[in-house]
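Respectively, the protein sequence lines represent chains A and B.
For any residue, its number in the numbering used here is found by taking its place in the first sequence, counting from 1, and adding 16.
For any residue, its number in the numbering used here is found by taking its place in the second sequence, counting from 1, and adding 149.
FYI, nobody ran anything at the bench for these hints, they're computed from the structure.
C-beta: ideal position from N, C-alpha, C; glycine also.
Possibly wrong hints are sitting among the right ones.
[Claimed, not checked] Not the full set, but computed from the structure, chain B residues with beta-carbon under 7 Å of chain A:
1) E344
2) V407
3) E431
[What the hints assert, rightly or not] Label pairs and their in silico Cβ distance ranges:
4) A:A321 x B:S336: 52 to 60 Å
5) A:E357 x B:R327: 42 to 50 Å
6) B:D342 x A:V74: 32 to 40 Å
7) B:V333 x A:T344: 55 to 63 Å
8) B:D342 x A:W61: 53 to 61 Å
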Amino acid sequence: MTTAPQPRRWWRAALAVPPVAFLLVFFVWPVAAILLKGLRPDGAWDLSALGDVLTDPVIRRVAWFTLWQAVLSTALCVVAGLPGAALFARFRFAGKRFLWAALLVPFVLPTVVVGVALLGVIGPNGVSGVDLSGTLWAVLVAHVFFNYAVVVRTVGGAWSTVDPRLEEAARTLGASPWRAFREVTWPLLRPAVAAASSIVFLFTFTSFGVVLVVGGVRQRTLEVEIYDQTARFLHLDVAAALALVQLVVVVAALAWFGRTQRRRAVVLDQRPAAEVARRPRGWRERAFVGTNLLFMAALLGVPLAVLVVRSFDAPAGWGTGNYQALDTARRGSTSFVPPVEAITNSLLFALAATVVAVVLGGCAAWAVAGSGREPSPRWARWTDTALMVPLGTSAVTVGFGMFVAFGDPPLELRSSVWLVPLAHAVVAIPFVIRLLVPALRSIDPQLREAAGVLGASPWRVWREVDLPVVSRALAAAAGFAFAVSLGEFGATVFLARPERPTLPVAIYRFLGQPGPLNFGQAMALSVVLMALTVIVIMAIDRLRPIGSAEF
Amino acid sequence: MTTDPPPANPAPVRRPTRLVLVGLALVLAVVAAACGGGESSKDDTPATVGPAISQGQLPTFDPGTTITVVTHDSFAVSEDVLTQFTDATNVEVRLVPSGDAVAAVNKAILTAGDPEGDVLFGIDENLLASAFAADLFVPYEARGLSTVPEQYQVDPEHRVTPIDHGDVCINYDRTWFREKDLEVPTSFEDLLDPELKGKLVVEDPSSSTPGLAFLLATVAAQGGGDDDSSSAAWLQYWQKLKDNGVKVVDGWETAYNVDFSGSAGKGDRPLVVSYASSPPVEVTDPSTPPEDAPTGVLADTCYRQTEFAGILRGAGKAEAAGAFIEFMLSLPFQEDMPEQMYVYPVNSQAVLPEAWERYTTPVEDPLALPFEEVGARREAWIQQWAGLFR
Numbered sequence: 017m018t019t020a021p022q023p024r025r026w027w028r029a030a031l032a033v034p035p036v037a038f039l040l041v042f043f044v045w046p047v048a049a050i051l052l053k054g055l056r057p058d059g060a061w062d063l064s065a066l067g068d069v070l071t072d073p074v075i076r077r078v079a080w081f082t083l084w085q086a087v088l089s090t091a092l093c094v095v096a097g098l099p100g101a102a103l104f105a106r107f108r109f110a111g112k113r114f115l116w117a118a119l120l121v122p123f124v125l126p127t128v129v130v131g132v133a134l135l136g137v138i139g140p141n142g143v144s145g146v147d148l149s150g151t152l153w154a155v156l157v158a159h160v161f162f163n164y165a166v167v168v169r170t171v172g173g174a175w176s177t178v179d180p181r182l183e184e185a186a187r188t189l190g191a192s193p194w195r196a197f198r199e200v201t202w203p204l205l206r207p208a209v210a211a212a213s214s215i216v217f218l219f220t221f222t223s224f225g226v227v228l229v230v231g232g233v234r235q236r237t238l239e240v241e242i243y244d245q246t247a248r249f250l251h252l253d254v255a256a257a258l259a260l261v262q263l264v265v266v267v268a269a270l271a272w273f274g275r276t277q278r279r280r281a282v283v284l285d286q287r288p289a290a291e292v293a294r295r296p297r298g299w300r301e302r303a304f305v306g307t308n309l310l311f312m313a314a315l316l317g318v319p320l321a322v323l324v325v326r327s328f329d330a331p332a333g334w335g336t337g338n339y340q341a342l343d344t345a346r347r348g349s350t351s352f353v354p355p356v357e358a359i360t361n362s363l364l365f366a367l368a369a370t371v372v373a374v375v376l377g378g379c380a381a382w383a384v385a386g387s388g389r390e391p392s393p394r395w396a397r398w399t400d401t402a403l404m405v406p407l408g409t410s411a412v413t414v415g416f417g418m419f420v421a422f423g424d425p426p427l428e429l430r431s432s433v434w435l436v437p438l439a440h441a442v443v444a445i446p447f448v449i450r451l452l453v454p455a456l457r458s459i460d461p462q463l464r465e466a467a468g469v470l471g472a473s474p475w476r477v478w479r480e481v482d483l484p485v486v487s488r489a490l491a492a493a494a495g496f497a498f499a500v501s502l503g504e505f506g507a508t509v510f511l512a513r514p515e516r517p518t519l520p521v522a523i524y525r526f527l528g529q530p531g532p533l534n535f536g537q538a539m540a541l542s543v544v545l546m547a548l549t550v551i552v553i554m555a556i557d558r559l560r561p562i563g564s565a566e567f
Numbered sequence: 150m151t152t153d154p155p156p157a158n159p160a161p162v163r164r165p166t167r168l169v170l171v172g173l174a175l176v177l178a179v180v181a182a183a184c185g186g187g188e189s190s191k192d193d194t195p196a197t198v199g200p201a202i203s204q205g206q207l208p209t210f211d212p213g214t215t216i217t218v219v220t221h222d223s224f225a226v227s228e229d230v231l232t233q234f235t236d237a238t239n240v241e242v243r244l245v246p247s248g249d250a251v252a253a254v255n256k257a258i259l260t261a262g263d264p265e266g267d268v269l270f271g272i273d274e275n276l277l278a279s280a281f282a283a284d285l286f287v288p289y290e291a292r293g294l295s296t297v298p299e300q301y302q303v304d305p306e307h308r309v310t311p312i313d314h315g316d317v318c319i320n321y322d323r324t325w326f327r328e329k330d331l332e333v334p335t336s337f338e339d340l341l342d343p344e345l346k347g348k349l350v351v352e353d354p355s356s357s358t359p360g361l362a363f364l365l366a367t368v369a370a371q372g373g374g375d376d377d378s379s380s381a382a383w384l385q386y387w388q389k390l391k392d393n394g395v396k397v398v399d400g401w402e403t404a405y406n407v408d409f410s411g412s413a414g415k416g417d418r419p420l421v422v423s424y425a426s427s428p429p430v431e432v433t434d435p436s437t438p439p440e441d442a443p444t445g446v447l448a449d450t451c452y453r454q455t456e457f458a459g460i461l462r463g464a465g466k467a468e469a470a471g472a473f474i475e476f477m478l479s480l481p482f483q484e485d486m487p488e489q490m491y492v493y494p495v496n497s498q499a500v501l502p503e504a505w506e507r508y509t510t511p512v513e514d515p516l517a518l519p520f521e522e523v524g525a526r527r528e529a530w531i532q533q534w535a536g537l538f539r
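If we strip away everything but chain A, and leave its shape as in the complex, we get:
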């Protein structure tokens, strides 16, 4: 076995090939196809639209709003999510596993359903008594509702491997709890916080559906403009110019986040999560747990409860009428989707997307993270940034791009069902990378070296050192990938897959029709989707390499 750096780097580069090739085929090519259709309409470059867009005061205002609302939303999500992360990392309490999985529910619900849920609380006749619909506040609340899970699950996962004795030692030496957190725990968490922030920023910067539903006509993001120009007016030149503006901001933001993450990565002596979490002691800790749970109940519980309550409000009176109708009401129509079939389709798509995302994202993460001691080479940093870009790219650009690019051989995938999980994977891969890289970088390289000195093959080192330590991050990543796919994220709503309608597709069909039965069935099916999400995510969270302690 050679230990010189050269062959190791070669392996790392080889690992990066499959994800990069995947990105080129399923992201770069379609996006380039639709942008070129706009910027080179008749085979000759026409950049006049770019100039018009850059000088248009309305667009400037929209771009500025998009940027600052994203920064504000990201900051709010981090502030709201950190206590939640601490809760899951440090304490054991009843229903913890359930709650950890349930955090992801907002992720999978179709936008209009989220709109119904949130506006049932902060909309007209909402249970809170305050109507925020159409305001910036509603957009911010919606963004926190969506992205709370990103912060809690990403940072909470990292936090749960931080040895609590570090903070305890600081306390013993006389530091206040705040100072112990700020000077001991916070620096160790920064890579995970940066990872979560970058995802939240990309999501909120390209926020579309939820902005339309709760923000009304006033709160417009670049993404909304791109959607209008592409899908509504077919002004591909303007849309391409706007998409380029969006892309430039996203790449700049990613480069900044990347630098932050690299500079602050700290090698940790990690502890298994089971050693770290304990039952709350004393009134302070109980109050902390209680306040956290109350906050989650208000932020997530109440809106989702609105859906559950409405799902039992059937035309014939309270009861399971809406659920029973799912399998009967539209039987015999081409628009009828047997619920079991929708569930099966959703699960199959999500499973395929998760496997692709975890395998390719895993390859990329190991390639990018390096061994912990040497700094990442430049190509690795650029690969890292490039693989994140899909998360920050307009979904309508990708969707229409795929539609244009995959219409002809060699990749005639336009009406193939395979395009759907592959498109989901493009969006899910960044999650896998963002969650794995900080975890991998925190592994003490001495562990690997010690294993190597004792005669373990690289494969065995990977299996018995890397894998157990990152298994928690890996499960969290798989959970996100699954949720992203289950929720029909972004681009795929523009891809047709007539033979295999999924749960969100079926929900949209009901919501598109008038009448209390259709509405009730949409609510019932949403509750089914919620339950399915919690069950599957709980199962994924339990997956661990056999024989390893839970980190």
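With chain A's structure known, arrange chain B on it following the hints.
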């Protein structure tokens, strides 16, 4: 095992580039091999398609013939009705829901000449001009048009065939008006009544089909459609609506399910822009007398919205596609549409379902604008409107 800091050696940087290219080539080769054998049949469409019906019979085709019908997401038909078509012609129908009507048509324009399907169903008047400009359709004069009133046959060249209409009207919550003991408004002017301040919810015309139809209704009713200034009569009407607290939301789903008080969503606004066909679906007890139905329609605010089907240029199976258009105009399909898609048939011989006879008010003379004018002015109107509301 030790790891030294990497030497300052630029050589390894080049290696991944080669690897990436090799990897990409491999992926491409595998995928291309996996989905090879795609049939391509382009430019073999005749300029026009002859009538598919001879002596009232649909023609038959080779067994195994399949046509693809691109639709909007709201398309639905009874399975057994669709089977009647297959039994009569041997043609299997594959349905491809493709987003809402605007997205479906724009995707068709993007792929003009190399279409995703043989027939496009669900294009409305407002989209005709851009579809015609892109030369999307092969003309086909259906025999079945003899049953369709003149008012729906807007294209003398028969590039598209009218299939259904579903007028866009303001719906009201009857209970709310009864409880408040207020007169139900009838005209556009009535909507400006201070008693109705903050009671109307409409959809954004740039993102919503019924929202656009309602904007067109105001242009048709108030006039000023050729006026680009902010003093256009229809725009001044919107100014008054705004002063009277009209709420604009992104789409029908939100307006009807969240804000409208007469739906299951139980919002706080008793007036909403929806369809003439919405009220029967809100009736859950069939013994309800029509005057007590939960919701009703303001007939004078209705705007005509006809949906058309066309044979996509470049598709291989234009004859079978023509047969399907004939079938869509025939009574089995036409009488199936109301309960499946909540739209009215255009075939004057079609019988409406009982609930529709009971709970819908026929709109005798809905507002309308020529599709050429809508095509030419639509974006300008939306811009003017946006200037007021954004």
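Hints and how they fare:
1. E344: The hint is violated - E344 of chain B has no Cβ within 7 Å of chain A, the shortest such distance being about 18 Å.
2. V407: holds, 5 Å
3. E431: At 6 Å from the nearest chain A Cβ, E431 of chain B passes the 7 Å test, so the hint holds.
4. A:A321 x B:S336: 52 to 60 Å: Distance hint for A321 of chain A, S336 of chain B is violated at roughly 42 Å.
5. A:E357 x B:R327: 42 to 50 Å: holds, 43 Å
6. B:D342 x A:V74: 32 to 40 Å: holds, 34 Å
7. B:V333 x A:T344: 55 to 63 Å: violated, 36 Å
8. B:D342 x A:W61: 53 to 61 Å: Once the Cβ atoms are compared, 56 Å apart, the range 53 to 61 Å for W61 of chain A and D342 of chain B holds.
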